[in-house]
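Respectively, the protein sequence lines represent chains A and B.
Here my numbering is used: the first residue of the first sequence is 1, the next is one more, and so on.
Here my numbering is used: the first residue of the second sequence is 1, the next is one more, and so on.
Read the hints as simulated data drawn from the structure, not as lab findings.
Heads up, some of the hints might be wrong.
[Claimed, not checked] What the simulated footprint calls covered on chain B by chain A, stretch by stretch (three residues with Cβ under 8 angstroms from a Cβ of chain A suffice, anywhere in the stretch; the number is not a length):
id : stretch
1  : 121-127
2  : 133-142
[Said to hold, decoys possible] To give a feel for the contact side, a few chain B residues facing chain A, derived at Cβ under 8 angstroms:
id : residue
3  : Y16
4  : I57
5  : L60
6  : N63
7  : R92
8  : G93
9  : R95
10 : G96
11 : P112
[As the list claims (entries may be wrong)] Derived Cβ-Cβ restraints for the label pairs, each shown as a range:
id : chain 1 : residue 1 : chain 2 : residue 2 : range
12 : B       : E141      : A       : R224      : 24 to 34 angstroms
13 : B       : R298      : A       : V71       : 34 to 44 angstroms
14 : B       : G380      : A       : L13       : 33 to 43 angstroms
All C-beta atoms in this analysis are idealised placements derived from N, C-alpha and C, irrespective of residue type, glycine included.
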Amino acid sequence: MHYLLRRIGGAALVLSLAFIVAYVMLTALPGDAVMARYGNPDLGLSAAELAQIRTAYGADRPALLQFLDTVASFLRGDLGYSVQTGAAVSTLLAAALPSTLALALLGLLVAVTVAVVIAVAATHGGLRHLGATRALRSTLRGLPSLMVSLPVFWIGIVLLQVFSFRLGLVPVLNASPLQSLILPVLTLAIPIAAPLAQVLIRSIDEVSAEPFVAVTRARGASTRWLLTRSVARNATLPALTMAGLLFGELVGGAVVTETVFGRMGVGLVTAQAVAARDTPVLMAVVVLSAVVFVVINLVVDLLYPVLDPRLRSTTAAPARREAVAA
Amino acid sequence: MSVPPLLQITDLSITYRTRRATVEAVRGIDLSVARGQVTALVGESGSGKSSAAQAAIGLLPENGRITGGSIALTGQDGSREELVSLPEHAWRGLRGTRIGLIPQDPTSSLDPVRTIGASVAEPLRIHGWHDRERITARVHELLDRVGLDDPALRARQYPHELSGGMRQRVLIAAALALDPDLLIADEPTSALDVTVQATVLDLIDELRDSTGAGVLLITHDLAVAADRADQLVVMRGGRIEESGPGAAVLAAPTAEYTRTLLDDAPSLRQGVDRRPRRPEPGQAPLVRVRELRQEFPRPGSAPFVAVDGICFDIAPGTTHALVGESGSGKTTTGRAIAGFRRPTAGSIEVDRTEVTALGGGRALRDFRSTVQLVHQNPFGSLDPRQSIAAILEEPLRNTRRGSRSQRRSAALHHLELVSLPPEVASRRPRELSGGQRQRVAIARALILQPELVVLDEAVSALDVTVQAQILRLLARLQDELGLTYLLISHDLAVVRQVADTVSVLRRGRPVEAGPVERVLEGPHHEYTQALLAAIPGAGRQADQLHPEAVPAS
Chain A
1 MHYLLRRIGG
11 AALVLSLAFI
21 VAYVMLTALP
31 GDAVMARYGN
41 PDLGLSAAEL
51 AQIRTAYGAD
61 RPALLQFLDT
71 VASFLRGDLG
81 YSVQTGAAVS
91 TLLAAALPST
101 LALALLGLLV
111 AVTVAVVIAV
121 AATHGGLRHL
131 GATRALRSTL
141 RGLPSLMVSL
151 PVFWIGIVLL
161 QVFSFRLGLV
171 PVLNASPLQS
181 LILPVLTLAI
191 PIAAPLAQVL
201 IRSIDEVSAE
211 PFVAVTRARG
221 ASTRWLLTRS
231 VARNATLPAL
241 TMAGLLFGEL
251 VGGAVVTETV
261 FGRMGVGLVT
271 AQAVAARDTP
281 VLMAVVVLSA
291 VVFVVINLVV
301 DLLYPVLDPR
311 LRSTTAAPAR
321 REAVAA
Chain B
1 MSVPPLLQIT
11 DLSITYRTRR
21 ATVEAVRGID
31 LSVARGQVTA
41 LVGESGSGKS
51 SAAQAAIGLL
61 PENGRITGGS
71 IALTGQDGSR
81 EELVSLPEHA
91 WRGLRGTRIG
101 LIPQDPTSSL
111 DPVRTIGASV
121 AEPLRIHGWH
131 DRERITARVH
141 ELLDRVGLDD
151 PALRARQYPH
161 ELSGGMRQRV
171 LIAAALALDP
181 DLLIADEPTS
191 ALDVTVQATV
201 LDLIDELRDS
211 TGAGVLLITH
221 DLAVAADRAD
231 QLVVMRGGRI
241 EESGPGAAVL
251 AAPTAEYTRT
261 LLDDAPSLRQ
271 GVDRRPRRPE
281 PGQAPLVRVR
291 ELRQEFPRPG
301 SAPFVAVDGI
311 CFDIAPGTTH
321 ALVGESGSGK
331 TTTGRAIAGF
341 RRPTAGSIEV
351 DRTEVTALGG
361 GRALRDFRST
371 VQLVHQNPFG
381 SLDPRQSIAA
391 ILEEPLRNTR
401 RGSRSQRRSA
411 ALHHLELVSL
421 PPEVASRRPR
431 ELSGGQRQRV
441 AIARALILQP
451 ELVVLDEAVS
461 ALDVTVQAQI
471 LRLLARLQDE
481 LGLTYLLISH
491 DLAVVRQVAD
501 TVSVLRRGRP
511 VEAGPVERVL
521 EGPHHEYTQA
531 LLAAIPGAGR
541 QADQLHPEAV
551 PAS
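Turn these sequences into a full structure, and let the hints steer you where they fit.
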C-alpha cells in the first residue's frame, strides 16, 4: 500500500514538472501565437487591433497569472482553443487520437513480437549446437544494433519506395484502413523493436548463465522448458523497464511516421501546431504525452512486484540486508 | 566383480576447447559409486573434479568434450547403460529420474521468482506428473523429509525468504523428488556456515541410508569427505592421486598429495606452526572495546540490534578471533572497529584513539592508516580494471605518501612480503588465482603499515590447501612485522590455528570469551560446544589418522 502511494505520488510530481517545463518553454519562445497568426502584414491589422486580440486571449496579463489560469482550466478539463483554427483543442485531439492510438498500439505489438522472435532465435540453445548456424547467430545478434541506428523517416521512405512504388504490394492511394496501416506500423515498430531485442538478448544470456537454470537442466528439462518456464519470467524484468521507456520513442516516431505517410493523427497535428506556433495545441499534446508516459511507467512499476516476489515486501527488505551485513 | 556398481567411470578424459588451446581437464580417471554408499571425490579447484561430476550428469559446459573412456550407469534390474555420447533426449529422461544433482550454491540455484513448492515440483512436472493434488502431496512429503518445518507454508514461500541452509534442504528435496539411484552432490556445503554444513551433510547421509541411493560427493575439503566417504578418490591436475576405502586412505595415505591435503585441513591437523603469544604483563592493550552496541533503523518497526554488549581487549602483536554464524554481528563489530560505521553506543579505542569520537574527514582518514581491512571475497575486493601495482599503490596515493618511484618500490616490496613474484605487478586481478588475489589484498592492507589488520572471513572462500598457505603467511607476517589481528570467522578450526584469544558471538551478543585453548578445550556455553561439534572431522583425532605425523610446515 505504501509502495503504491509512493509510486502514485512520484507520478504526480513528474506530471506537474513536465507541465511547468512545457509551459515555461512554450511561453519563452520568441513571438507569441497571436503574432504568428495575425502578425502577417497581409492581414493589415494595426498594432491596436493586435493588442485587442491579445486582450481577448488573455495574453497581456502577468505571466504567473496566465500560468495559474492555464493550470486551472487544464484541471477542469478545458484544454483551450487552437489559435490557428479557433477549434477547441479537445475536439481536435479527440478526432486525431483514435488513428494514432491504433498506429501506436499496433506498432508496439509488432515491435514486441519482432523483438521476442529475434531475441529467442539469437539465444536459442538448439542453434548453439549446430556449427553451421554460427554465422546466422551472429547476424541475428547484430541485427538490433543495425536497426537502432536507422532513422525513422528514412525507414518510412525506404519502405514506401520498395513496397509501394517498386513492388506495388501496398497501395498508396485508395488504400483500405488496414492497408494504410501496414507500412506506418512497420516504420514505427522497427526502431522500438531494436533496443528491446538488445535488452532481451542480454538478459536471456545473463539468466541462462545463472546456476538455477543449470539445476533445472539437471532435473531433465528440455531447452523449450528452460526458455518458457525458467528464463522467460526472469528475463522479462529488465525488458519491461525498457518497454516503459520506449514509449517516448513511440511518441516521437508517431510524429515522424504520420508526417512521412501523411496520416491524420496526433503526430500530424503536433507537426502542424509546431509550424504554426499554436501554443494551446502544443501544450495539450505535451500534457497528453506526459500523462500517458507517466501512466505507462506507473503500470510498469506496479507490475514489478507481481513478476518479482523479491520486490513485494518493502519493509522486510532492509531487515534482510542488515542481517547479511551483520 | 559380481555386482556391477551403480556408477562406473572408466578411463574418462575430458578436454575444453578455449580460444587459444585445448585444455585437458580430466586425464583418464577411474571411479565407481556403489548403491547406498558415498564416494567422495576430493581435490582443489582446477583438479577436474567438477568436470568429472558434470560429465556424469551430461552437463559439461558448451566447450567441454569427453574424449575417451566410459561412464556406465547400472539400473536396479541390472541393466547397464553407457552414458558417454548418449543423445540429448535420452539424457533428459535420465536427469532427475535416475540421477539427481545437489548443486553448490544454494543462494543462486533456486529460481528467485518462483515459489519453493514450484521448484520442488519441477522435476515431477518435467517427467510427466500432471495431477495437481498428487504433486502437492509429494512436494509436502519431500519438504517434510528434508526436515523443513511446516511444509505447506514453506511451499508457498519464495527463496529469498529462506536461509542458506533451508534453501539447500529445498534443493535436496527437489533432487530426491523422483527417487534417483544416484545423487551427485557438487560441493553441497561450501557456501554454508560450519554448523549448517554439518546438518546438511547429516541429512544427505541419512537420506542415502533410507533411500539406498549412491552418492558422489565432490568437495575440496578432505575433512568433509573424511566423515562420510566409503570410498575416497583424491584428484589433482585431472588425474587420480589416490583412491580406496575412506578409512584406509585417511589412516595410511600413500600419495604425497593426500598427505598435503590432510595437513592442510584445519580441522584435522595443526597446519600452521605458530607460537601462541602472551602479552607482557602490564602492557596496555592495542584495542579496547567496551559495551559496543549497533542498531540499524527499520522503517515502521523497532530498530534492528545487530550487536550489543560486546567487550574485549586485544594485546599488541596478538590475534583475537570473533566467532559466530552468519548474523551473529561479527562483521558489524569489525567494521565499527575499522571506523566504517559509528556504533550507536559504546567505546572503541585503537592505539589510544577513541574511534567513535572521530568526526570524519581528516582525523578519520588518518586513523584509516592504523587499521586495515581484508575482505572475504578476493574476487570482489580488487578493482578489475587496475593492475596489481596500481592497486597496491592506491592507498599510498590516497594518503599522499612518497614519490612515484618510492610507491612503486613499496608495492614491489610488499609483493615480495606476501611471496608473490614481481611480475605479478603488471597483471590484472582476473589473471590471478583466488589465493594469489587474497595475497594481493593482504599486501594492500599492509602497505600503509597498520597496527591492526581486520581479517573479515579472509580465508573462508578459499580451498583448504590455499587456506592453509594464507594462514601460514598471516602467521609469518605477524612474526616479522609485529602485527595485531582481529580475525573474523565462522570456522573454529581456523580460529584454533592462528588465534590467541577468542570471543564467541551469537545473535549480536557475546556468549563466551577467553584464551583460545581454554574456550576450545573446555567450552562452557552450549553454543560454543555446538560450533565445535560442527567442525568437519571433529570426531577424528589428528593422531588417530596419522600417528607418526609431526605437524608439518
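Results for each hint:
Interface restraint, the stretch 121-127 of chain B with chain A: holds (4 residues with C-beta to C-beta distance below 8 angstroms; minimum three). Taking a C-beta to C-beta cut-off of 8 angstroms, the stretch 133-142 of chain B contributes 0 residues in contact with chain A, too few for the three needed, and the coverage statement is violated. For Y16(B), the shortest C-beta to C-beta distance to chain A is roughly 16 angstroms, which exceeds 8 angstroms, and the interface hint is violated. The interface hint given for I57(B) holds, since its Cβ lies 6 angstroms from the closest Cβ of chain A, which is under the 8 angstroms cut-off.
With its C-beta approaching chain A no nearer than about 11 angstroms, L60(B) sits outside the 8 angstroms limit, and its interface hint is violated. Residue-level restraint check for N63(B) is violated (minimum Cβ-Cβ distance to chain A is 11 angstroms; threshold 8 angstroms). Hint status for R92(B): holds, given a least beta-carbon distance of 5 angstroms to chain A, under 8 angstroms. For G93(B), the interface hint holds, since its Cβ comes within 8 angstroms of a Cβ in chain A; the closest pair sits about 7 angstroms apart.
A cut of 8 angstroms between beta carbons decides the hint on R95(B): the least distance to chain A is about 4 angstroms, and the hint holds. Because the closest C-beta pair between G96(B) and chain A is about 4 angstroms apart, less than 8 angstroms, the hint holds. Taking 8 angstroms as the C-beta cut-off, the interface hint given for P112(B) holds, the closest approach to chain A being about 6 angstroms. Look at E141(B) against R224(A): about 29 angstroms separates their beta carbons, and that is inside 24 to 34 angstroms.
The hinted range of 34 to 44 angstroms is satisfied by R298(B) and V71(A), whose Cβ atoms lie roughly 40 angstroms apart. For the hinted restraint 33 to 43 angstroms between G380(B) and L13(A), the CB-CB distance of approximately 36 angstroms keeps it satisfied.
When the structure is compared with the earlier hints, violations turn up for hints 2, 3, 5, 6 and for no others.
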